[in-house]
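Asks: Chain by chain, the residues run as shown.
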Amino acid sequence: METGTRAVDKLTKLLSKSRPEHCYQCGKCTSGCPAALHTEFRPRDILIMAQLGMTEELLKSKLIWMCITCFTCLDVCPRDVEPTEFMITLRNLAALRGIIPTVYRGEGSAILETGLAFRIPESRVKMRERYGLPPLPRVDAEPVRRLLKSVDFDKLIQRGEKK
Amino acid sequence: MSVGSALVIGGGIAGIQAALDLADRGIKVYLVEKSPSIGGRMAQLDKTFPTMDCSICILAPKMNECARHPNIELLTWSEVLSVEGEAGNFTVRILKKPRYVREDLCTGCGICTEKCPKKVPSEFEMGLGMRKAIYMPFPQAVPRVSVIDEENCLYFQKGVCRVCEKFCPAGAIDFEQKPQEIELKVGAIIVATGLVQADPSIESEYGYGRYKNVIASLELERLLSASGPTGGELKRPSDGKHPKRIGFIQCVASRSLKENGYPYCSSVCCMYATKEAMIIMEHDPEAEIYIFYIDLRAFGKGFQEFVNRAKERGVHYIRAKPSKVIEDPETKDLIIRYEDINDKKVKEVRLDLVVLCAALVPTPENKKLAEILGIEVDEYGFFKPLHPLYAPVDSTRPGIFICGYCQGPKDIPESVAQASGAAARAAEIIAKKVVAG
Ligand SMILES: Cc1cc2nc3c(=O)[nH]c(=O)nc-3n(C[C@H](O)[C@H](O)[C@H](O)COP(=O)(O)OP(=O)(O)OC[C@H]3O[C@@H](n4cnc5c(N)ncnc54)[C@H](O)[C@@H]3O)c2cc1C
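Listed in order, the protein sequences are those of chains E and H.
According to our numbering, the first sequence is numbered sequentially starting from 1.
According to our numbering, the second sequence is numbered sequentially starting from 1001.
Please keep in mind that the hints were generated in silico from the structure rather than gathered at the bench.
Ideal Cβ placement from N, Cα and C applies to all residues, glycine included.
Wrong hints could be hidden among the right ones.
[Claimed, not checked] Below, a list of computed lysine-lysine pairs in the BS3-like style, where the Cα atoms sit at most 27 Å apart:
#1 E/60 - H/1345
#2 H/1258 - E/13
#3 E/17 - H/1258
#4 H/1235 - H/1118
#5 H/1062 - H/1034
#6 H/1244 - H/1347
#7 H/1344 - H/1096
#8 H/1344 - E/60
#9 E/62 - H/1344
#10 H/1384 - H/1367
#11 H/1345 - E/62
#12 H/1097 - H/1367
#13 H/1347 - E/62
[As the list claims (entries may be wrong)] Far from chain E, some chain H residues (derived; all Cβ distances over 10 Å):
#14 1084
#15 1094
#16 1156
#17 1157
#18 1171
#19 1212
#20 1257
#21 1298
#22 1301
#23 1332
#24 1381
[What the hints assert, rightly or not] Stretch-level coverage of chain H by chain E, calculated; a stretch enters the list once three of its residues show a Cβ under 8 Å from a Cβ in chain E:
#25 1096-1104
#26 1245-1256
#27 1333-1339
If we strip away everything but chain E, and leave its shape as in the complex, we get (with noise of 0.2 Å):
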């Protein structure tokens, strides 16, 4: 993976690729996105700001880390706009900054260690024992660590980390 500022070009490049300018504001992204529905993520909004020039703040923003990626957005936009894209793309250059929430990094370290994104609290694990309930099926972290090592991933996000 590259991590540098040739990746950071390349993202940049990639952002207009999702064609934040043709968007005319019309709102059907965001009345057919489910985040939308629970949060204050407004994929409109996003686009806007894109347009207004204020990726700055964008990647700043804990907004563009709400979006699911289920796609509805691009299944709706009548201008072509691609939101989710959009999203990622700006979430994956927040991150070469080093700007990336406590959760995400929470789950990036998760993965390395357990291979799954969740970790399972020893106290859910008692519990299922005591219920008589079968094991959880057990994960194999060590293919999963390997390749994201390979790619330098942990080192991403280690980024910014505040000590």
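Let chain E serve as the given structure and place chain H with the ligand on it in line with the hints.
Replies: Just chain H with the ligand now, kept in the frame of chain E:
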């Protein structure tokens, strides 16, 4: 030929105006219309923006003038087969389809229609009403001559019936009629083939074709019209109830960059939706109307004032394109979900009826017609003007002119203005020919 003659293709308001202008100048006009009657879309409309004239009331006199004008020969139920020659001297072959009713004998009394046992959905009523297999498409049709629809006529399909023939007091029914080819010499040609509505189910999230109470705007025109299938009483399709809460969704498949959409603005929908809203409120002052729009395009003379009037009346204009229409399976009511851009809230509104204002597109047969005529169409099938600014009604071939919606999106006044322009340009060619001998 003393003063030369002209061919007009398409008998909508643009073709009618062009034909009358030329005929009044003393030029012989052949007006070719593919359907059984002239009139075009305007005949289907209830009222017209921004003046709220009764559409057929102002159109019918012009249609009749065409029929009565000594210089106009109507060739309805006809199409153009070929065109040869050049500006000032074209040879045109026309196919006149058999009506199976003699135009010289039929009085338009309608007894045949009354007696005909076979019912089919009416094209003129956008499938909301029925017609017979022998019919006149609408009461003010011109010419006032019935036509037999072969594909649905019991005699043609099963060899039985001939009831119309038995009852026709004029003896006008003629099952032996054959397609007829006519050759014409004309100096100039005017094309005015108008528009059709794009399939509103292109944006399938709005449920057209799946939900009974989601209808298209031309269907609404027929439901509002006093001569329509409900006698002008607005009833919703699922249960015949009077809808109280009605929503319009603008730009369905238009201003769209999707592969199956149309990127241009259809130009008349903001205004006709406003008009339809006003008509509904005239019928029922308590009706609640929501117009979902992206940009409100009220650019013409008197248009903004018209929209302002609608707002004063209480029509709700909501700047949003809804993401979906959901049907309540029990009541068949509809729920529209949209983002209110003012407060950024995702909202829902429950409605009795939803009207889709779908893209208006040129007639699909234009491509074939363009080949016959040797003129160019653009990627959507609109005829290309020679120059968009200086020669908007000249086609790409000398002697052939274009006007009305087939040249580009426009309303009735603009269609009429272009038609007069095209008639003037056509007359130039014909006059030159006369002077030059
Ligand atoms: C729902 C709705 C409401 C509207 N309301 C208004 C309004 O209130 N006010 C307003 O100004 N405008 C209104 N319009 C727009 C208006 O209908 C058009 O501007 C107008 O009809 C254009 O006229 P035309 O003669 O170019 O085309 P048309 O009216 O479409 O007529 C074209 C004619 O050509 C015939 N034809 C087509 N192809 C051929 C062929 N190959 N050979 C022979 N004949 C052919 C057709 O059968 C038809 O009779 C409305 C449109 C819609 C859809």
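Asks: Give me the numbers of the hints this structure contradicts, sorted from smallest to largest.
Replies: 7, 20, 25
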